[in-house]
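Enquirer: One-letter residues, chain by chain:
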Amino acid sequence: MAKKTYDLLFKLLLIGDSGVGKTCVLFRFSDDAFNTTFISTIGIDFKIKTVELQGKKIKLQIWDTAGQERFHTITTSYYRGAMGIMLVYDITNGKSFENISKWLRNIDEHANEDVERMLLGNKCDMDDKRVVPKGKGEQIAREHGIRFFETSAKANINIEKAFLTLAEDILRKTPVKEPNSENVDISSGGGVTGWKSKCC
Amino acid sequence: MSVANSSHRAALLRVLLILLVAQNLARCQLTPAPVQICHSFHCFGEMCYQEAEFANQIAECEPEEHHCELIQLTTVHYMARCSPRCEGEIGTSYSPCLLANNSAPSPGPCSLQCCSGGPLCLVLSLGHLTIQEDKLVLTPPALVRNQAVQGVLCEGDSRQSRLLGLVRYRPERGVQEHALFLYNHRRMAITGDDVSLDQIVPVSRDFTLEEVFPDGELYILGSDVTVQLDTAELNLIFQLPFGSHTRTFLQEVARACPGFNPETPDPEFLWLSRYKCTEQKPSQRGWNSASGTWPECTRKGEDQPSIGGGGSWGGALLEAVQAGRSERCDEELEGADWEMSAAAGSRERDPAGGSQSDDLRPDGKGLLVDQSFRGQDKPDSLLTRQNKSKSEITDMVRSSTITVSDKAHILSMQKFGLRDTMVKSHLVQKEEDYTYIQNFRFFVGTYNVNGQSPKECLQPWLSHGIQAPDIYCVGFQELDLSKEAFFFHDTPKEEEWFKAVSESLHPDAKYAKVKLIRLVGIMLLLYVKQEHAAHISEVEAETVGTGIMGRMGNKGGVAIRFQFHNTSICVVNSHLAAHTEEYERRNQDYKDICSRMQFCQVDPSLPPLTISKHDVILWLGDLNYRIEELDVEKVKKLIEEKAFHTLYAYDQLKTQVAAKAIFEGFTEGELTFQPTYKYDAGSDEWDTSEKCRAPAWCDRILWKGKNITQLSYQSHMALKTSDHKPVSSVFDIGVKVINEELYRKTLEEIVRSLDKMENANIPSVSLSKREFFFQNVKYMQLQVESFTIHNGQVPCQFEFINKPDEESYCKQWLNANPSRGFLLPDSTIKIELELFVNKTTATKLNSGEDKIEDILVLHLDRGKDYFLSVSGNYLPSCFGSPIHTLCYLKEPILDLPLKAIRELTLMPLQTEDDGSQLKNHMDIPKELWMMVDYLYQNAIQQEDLFQQPGLRSEFEHIRDCLDTGTTDTLSASNHSVAEALLLFLESLPEPVICYSAYHNCLECSGNYTASKQVISTLPTFHKNVFDYLMKFLRELLKNSAKNHLDGNILASIFGSLLLRNPAGHQKLEIAEKKKAQEFIRQFLYNSP
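Those protein sequence lines, which keep their order, are chains A and B.
Using numbering that gives the first Met the number 0, read the first sequence as starting at 0 and increasing by one per residue.
Using numbering that gives the first Met the number 0, read the second sequence as starting at 0 and increasing by one per residue.
No lab work stands behind these hints, which were simulated from the structure alone.
Every value quoted in this text rests on a predicted model; they were computed, and no experiment measured them.
A couple of the hints might just be wrong.
[Said to hold, decoys possible] With a cut-off of at most 30 Å between alpha-carbon atoms, the simulated DSS-like pairs for lysine-lysine come out as follows:
hint: 1; chain 1: B; residue 1: Lys-925; chain 2: B; residue 2: Lys-1037
hint: 2; chain 1: B; residue 1: Lys-735; chain 2: B; residue 2: Lys-429
hint: 3; chain 1: A; residue 1: Lys-160; chain 2: B; residue 2: Lys-423
hint: 4; chain 1: B; residue 1: Lys-429; chain 2: A; residue 2: Lys-56
hint: 5; chain 1: A; residue 1: Lys-172; chain 2: B; residue 2: Lys-843
hint: 6; chain 1: A; residue 1: Lys-160; chain 2: A; residue 2: Lys-94
hint: 7; chain 1: B; residue 1: Lys-641; chain 2: B; residue 2: Lys-659
hint: 8; chain 1: B; residue 1: Lys-1011; chain 2: B; residue 2: Lys-1072
hint: 9; chain 1: B; residue 1: Lys-744; chain 2: A; residue 2: Lys-55
hint: 10; chain 1: A; residue 1: Lys-153; chain 2: B; residue 2: Lys-735
hint: 11; chain 1: A; residue 1: Lys-56; chain 2: B; residue 2: Lys-735
hint: 12; chain 1: B; residue 1: Lys-703; chain 2: B; residue 2: Lys-612
hint: 13; chain 1: B; residue 1: Lys-1037; chain 2: A; residue 2: Lys-94
hint: 14; chain 1: A; residue 1: Lys-55; chain 2: B; residue 2: Lys-755
hint: 15; chain 1: B; residue 1: Lys-719; chain 2: B; residue 2: Lys-454
hint: 16; chain 1: B; residue 1: Lys-744; chain 2: A; residue 2: Lys-56
hint: 17; chain 1: B; residue 1: Lys-889; chain 2: B; residue 2: Lys-843
[Stated by the list, open to error] Label pairs and their computed distance ranges (CB to CB):
hint: 18; chain 1: A; residue 1: Glu-51; chain 2: B; residue 2: Glu-848; range: 38 to 48 Å
hint: 19; chain 1: A; residue 1: Asn-111; chain 2: B; residue 2: Ile-236; range: 35 to 45 Å
hint: 20; chain 1: B; residue 1: Tyr-435; chain 2: A; residue 2: Glu-51; range: 22 to 32 Å
hint: 21; chain 1: B; residue 1: Ser-767; chain 2: A; residue 2: Asp-31; range: 23 to 33 Å
hint: 22; chain 1: A; residue 1: Glu-51; chain 2: B; residue 2: Ile-828; range: 36 to 46 Å
hint: 23; chain 1: B; residue 1: Arg-769; chain 2: A; residue 2: Glu-137; range: 53 to 63 Å
hint: 24; chain 1: A; residue 1: Glu-51; chain 2: B; residue 2: Tyr-647; range: 31 to 41 Å
[What the hints assert, rightly or not] Derived, one-sided and incomplete: chain B residues facing chain A with beta-carbon distance under 7 Å:
hint: 25; residue: Val-750
hint: 26; residue: Asp-754
hint: 27; residue: Arg-769
hint: 28; residue: Phe-771
hint: 29; residue: Asp-864
Glycine included, every Cβ here is placed at the ideal spot set by N, Cα and C.
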């Protein structure tokens, strides 16, 4: 019973156009709740959640970013250090899907090279308003060699699965380490410095 | 695998003398006595330790005798006494083996010494080993002992005991090297020279010592830890005894490994060279070679730490291996007398010399460790009764289903975060949510065997008439009364009785041995039904001696604690002081056991567990409480009448418990069997010896805890081996069993709630406003927008932080005040965003290269980031616009579309007026003309012109008039207009005398012709402005009688505005300033 509370810390990032439901996806995963009122995220928020995978306790620190275009240059600076990035679009919003390739380019430019990526087509409960067929999502994911899920934060479809899958993929790439390994920072707790550490 | 207990069995040391002194030391450290008390006796052989009444008189020492001295006169003759000196009587014919002093007023504890002239020595203590590093300041230079453990070296089928000692060498601060010293040791190793160096393994970069799990063998709780030692040259397998001791050792070794940091130099191990000779002469290995020394080594140098490398180091290791973790003495190891003790040691040896091992000794007591486990090969009648052979038992143990995982990790795991502690404490709090009570049957038995070997089948005691219990707790006392058992903590009886018990366990079930623990004659065995083995964890065993001098193991207790499912259980077997009148001693023994029995916890940061900190305590043993106040015949008569109730009243245990002197909170079942002591061996007859002891219920079983039901409590008259009868009790004990699903659920809830807590502890604030619009921003006109930060429940530090690749957190024209701060929970702070466009930022805003647009990042330390958007519109102004742009602006600047301004502002400055551009221009900016003309009209005689400041409000008015072309409405003081003119010149992005001409001007300063030449090279508009201004200034000077201006004043004011250093606003050198003034002055006094 005397196990460590968590062995690893994974930093995940949610990106995608404004209004696709990134915050709701995170809220569903972290608090298992959903809020219909839309409050645009103006800034960077994060939550933690501890999960157990393959007998390892993993602390996920999930960063939610502002999706509005005017913040893009700033938000890309948060990509660095993320081990996994969830790129979210809205299946009822064609524009958000078209922007996927732009977001992917952003990842290429700003994220760590070995970052684990995942594509989510959110709001899949709203099938009557769907404008992006599932196949298109699958296709672009296939082209880029990344995983794809259609999710619904509202109906709680695939949310947990998506996060766990992403964490598992990261875990698979993480070399087996002794608990005391220093490669993984387990001491920082909720410590977040943004890019502050770089400059001052 | 059952080598597990070889640490108890293996003949490791323990000279009575050493122990006595050590115990004495330890005790006195605990309770310093004003008067020294020492044992004082002469005794021979077993008499010395069997019963206190035969020896061990206590004597009060004379005032000047501060030391206790113990002397071994011959191998069987011992003497103890008070002594005035610590050094012993060196030079006398006998060997003063050990001495100790302990109390004031003598100068510090005088070490004991039976060891050597070397720096190290046998130090002692009961129990296990831990070494204190701080006493390592000893010689030789920086050579220290860290840890040692006794283990079994496995090579193929061979098993040999080795002492493993981790030795650290620290030649200087910050540098250290380690080596693992492996020692052979003589079976009943007592002193350092019973130990010989086998080999040294340097802890180099390729050194690893890791726990391994042999294929096909399942991990058994409490079983040996198998470790593999690997270096480039070596591959050795050791089995180390289970427990915290080994754990510590492995951790120490792991810490000693140099790692792969390339910064640290490779260890060189030069210090090991002095031991090389022993390595080079493997043929001389062994304690018996050349009387245990290697002359060629001993004579190498004074600083050698050892006789033959093995001697004193080995001795230290012996001590290390057995040293107690609870009581330790900080002996100084000086003045040691190695030679003498070595001599004593050699006297002790078999005179025949060459014998390789003690199994050849005539008394046959010293079986080799490995051989002792093959007892069933001997033609022993024991084997015929059994229905299970030893090997079967072992197999069962092997096949039990405990997995390796957890314990193995614990070995290397040290970090326990706060979160972990919280999870654990929550789990304890919510235990009821995920556990249910399930009854398990416990068999508890106690048997004082009076030093006998098993001669009868134990089944009547252990398994007749009962269902197969889930757990067996079987305790023995007086297992072995021989000298060896006492001195050397080694007895073949352990194996014999272990086997006898194992063979007589209930035939309907298979059992796995969990643990065996023994202190001299007190042994406790714990078995579990094989199917429950997986639910036993955290097994620890400890011993407490309360015998001779309050510490020796002839009396005392042993205990095993473990976790069964989720219930913690402690089983104690004790043998308390004898004799009817000694009940107070028994009470004290009980209390000592309770207070001194301490179990290490898995988490080393937690304090050790005591007996009382367990859910269930089962206490068995020969408690030795007697029936008093009745004469023997009366007792026997009452027994015959089965009038046990009458007898209870006289039972000391009952009366002492009733008086709450002992066993508080414990319960004992009703005694429905006749006293179990004392019988003539082999019969059911009461003691017919001379002493004719009165019968007594010596052997008892008590319990404490919830959900315990005693099903039976009885003696077993059928067994006649001993002068005691065995007692047994069967319990149903309600154990907290984990419902895995509920446990997972509870754990999940706890983790969720901790996550929630952690999320709630992320600093978070609310902002009254996030979007800021600054409307109609004008040149040099401050605009302020404010907002409040309202903090949540977590104290937090906030700060506006720089965006990537930017040098400040916002644009130059903006400022947040304050830009950082600290907020208490629920507190509020007002932040003002101040927007101010000055000469540095105006031009780009005019041109549209910059906009009133910015995003500020408000960062909370350890928390979120908030983006604040700033936007607005800037009203272009003539201030900050280039001269040539203004010359093309025929309309007021604010009447023009932004695009036109932008184009004109970005238009390159032409040095040659080639006329290809717009023809439609003015010679000088109309705004300049307006201001100068105003001054010419109104201020030509104004005193202090350019020297008295204007009014801010009037400046804004002037600016607006200029920018909107409404100068006819201009009404402002002369000073304000004058200042506006200066500001206008100052805010020109390119000064009137272009940057490129700056150095030329300074050079020609003083040469008017050359100066005029430089001016003529200026772009037309600039030249026009310069000429115009000079003309105006000359006009002013004409009125100097009225306005008191002179050339110097004007030159100094305008010099720095018209001539600006291209390097920016660095502080100008006075010489440079002077030259600039002089340059202007020329034009003030000369007409062109």
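Enquirer: Take the hints in turn and mark each one as holding or not.
Expert: Do the hints match the structure? See the list:
Annotation: proposed proximity of Lys-925 (chain B) to Lys-1037 (chain B) holds, straight-line Cα distance about 24 Å (limit 30 Å). Straight-line distance between C-alpha atoms of Lys-735 (chain B) and Lys-429 (chain B) comes to about 12 Å, which keeps the hinted pair within the 30 Å bound. As the CA atoms of Lys-160 (chain A) and Lys-423 (chain B) are separated by approximately 28 Å, the hinted pair is consistent with the 30 Å bound. Between Lys-429 (chain B) and Lys-56 (chain A) the alpha-carbon distance is near 21 Å, which keeps this suggested pair within the 30 Å criterion.
About 50 Å separates the Cα atoms of Lys-172 (chain A) and Lys-843 (chain B), which puts this hinted pair outside 30 Å; it is violated. With a CA separation close to 26 Å, the supplied pair Lys-160 (chain A) and Lys-94 (chain A) stays within the 30 Å bound. Taking the CA atoms of Lys-641 (chain B) and Lys-659 (chain B), the gap is about 27 Å. The hint holds against a cut of 30 Å. At roughly 19 Å between alpha-carbon atoms, Lys-1011 (chain B) and Lys-1072 (chain B) fall within 30 Å of each other, so this suggested pair holds.
Among the hinted pairs, Lys-744 (chain B) with Lys-55 (chain A) is consistent with the structure: their alpha-carbon atoms are about 17 Å apart, no more than 30 Å. Taken as a hint, the Lys-153 (chain A) and Lys-735 (chain B) pair is broken in the structure, with Cα atoms around 41 Å apart against an allowance of 30 Å. Of the supplied pair hints, the one linking Lys-56 (chain A) and Lys-735 (chain B) holds, its CA atoms being roughly 26 Å apart against a limit of 30 Å. Between Lys-703 (chain B) and Lys-612 (chain B), the direct Cα distance comes to roughly 11 Å. Compliance with the 30 Å bound is thereby established for this hinted pair.
The hinted pair formed by Lys-1037 (chain B) and Lys-94 (chain A) fails the criterion: a straight-line CA distance of about 73 Å is larger than 30 Å. Between the alpha carbons of Lys-55 (chain A) and Lys-755 (chain B) the distance comes to roughly 20 Å, so the proposed pair stays at or under 30 Å and holds. Distance check on the hinted pair: Lys-719 (chain B) and Lys-454 (chain B) sit about 9 Å apart at the alpha-carbon level, within 30 Å; holds. Note on Lys-744 (chain B) and Lys-56 (chain A): the hinted pairing holds, with a Cα-Cα distance of about 15 Å set against a maximum of 30 Å.
Restraint check for Lys-889 (chain B) and Lys-843 (chain B): satisfied, since their Cα atoms lie roughly 21 Å apart, inside the 30 Å limit. Taking 38 to 48 Å as the suggested C-beta distance range, the pair Glu-51 (chain A) and Glu-848 (chain B) does not conform, at roughly 55 Å. Evaluation of the 35 to 45 Å hint for Asn-111 (chain A) and Ile-236 (chain B) yields a pass: the beta carbon distance comes to about 43 Å. Distance hint check: the CB atoms of Tyr-435 (chain B) and Glu-51 (chain A) are about 24 Å apart, consistent with the given range 22 to 32 Å.
For the hinted restraint 23 to 33 Å between Ser-767 (chain B) and Asp-31 (chain A), the CB-CB distance of approximately 31 Å keeps it satisfied. Range check, Glu-51 (chain A) to Ile-828 (chain B): Cβ separation about 41 Å, and the 36 to 46 Å hint holds. Restraint check, Arg-769 (chain B) to Glu-137 (chain A): a C-beta distance of roughly 38 Å breaks the suggested window 53 to 63 Å. Checking the proposed 31 to 41 Å range against Glu-51 (chain A) and Tyr-647 (chain B) shows it is violated: the Cβ atoms sit about 57 Å from each other.
The interface hint given for Val-750 (chain B) holds, since its Cβ lies 5 Å from the closest Cβ of chain A, which is under the 7 Å cut-off. The beta carbon of Asp-754 (chain B) is positioned within 7 Å of a beta carbon in chain A (closest approach about 5 Å), and the interface hint is therefore held. Annotation: interface hint on Arg-769 (chain B) holds; nearest CB of chain A at approximately 5 Å, less than 7 Å. Of the supplied interface hints, the one on Phe-771 (chain B) is violated, with its beta-carbon coming no nearer than about 12 Å to a beta-carbon of chain A, more than 7 Å.
About 4 Å separates the beta-carbon of Asp-864 (chain B) from the nearest beta-carbon of chain A, less than 7 Å, and the hint is met.
In summary, the numbered hints that this structure violates are 5, 10, 13, 18, 23, 24 and 28.
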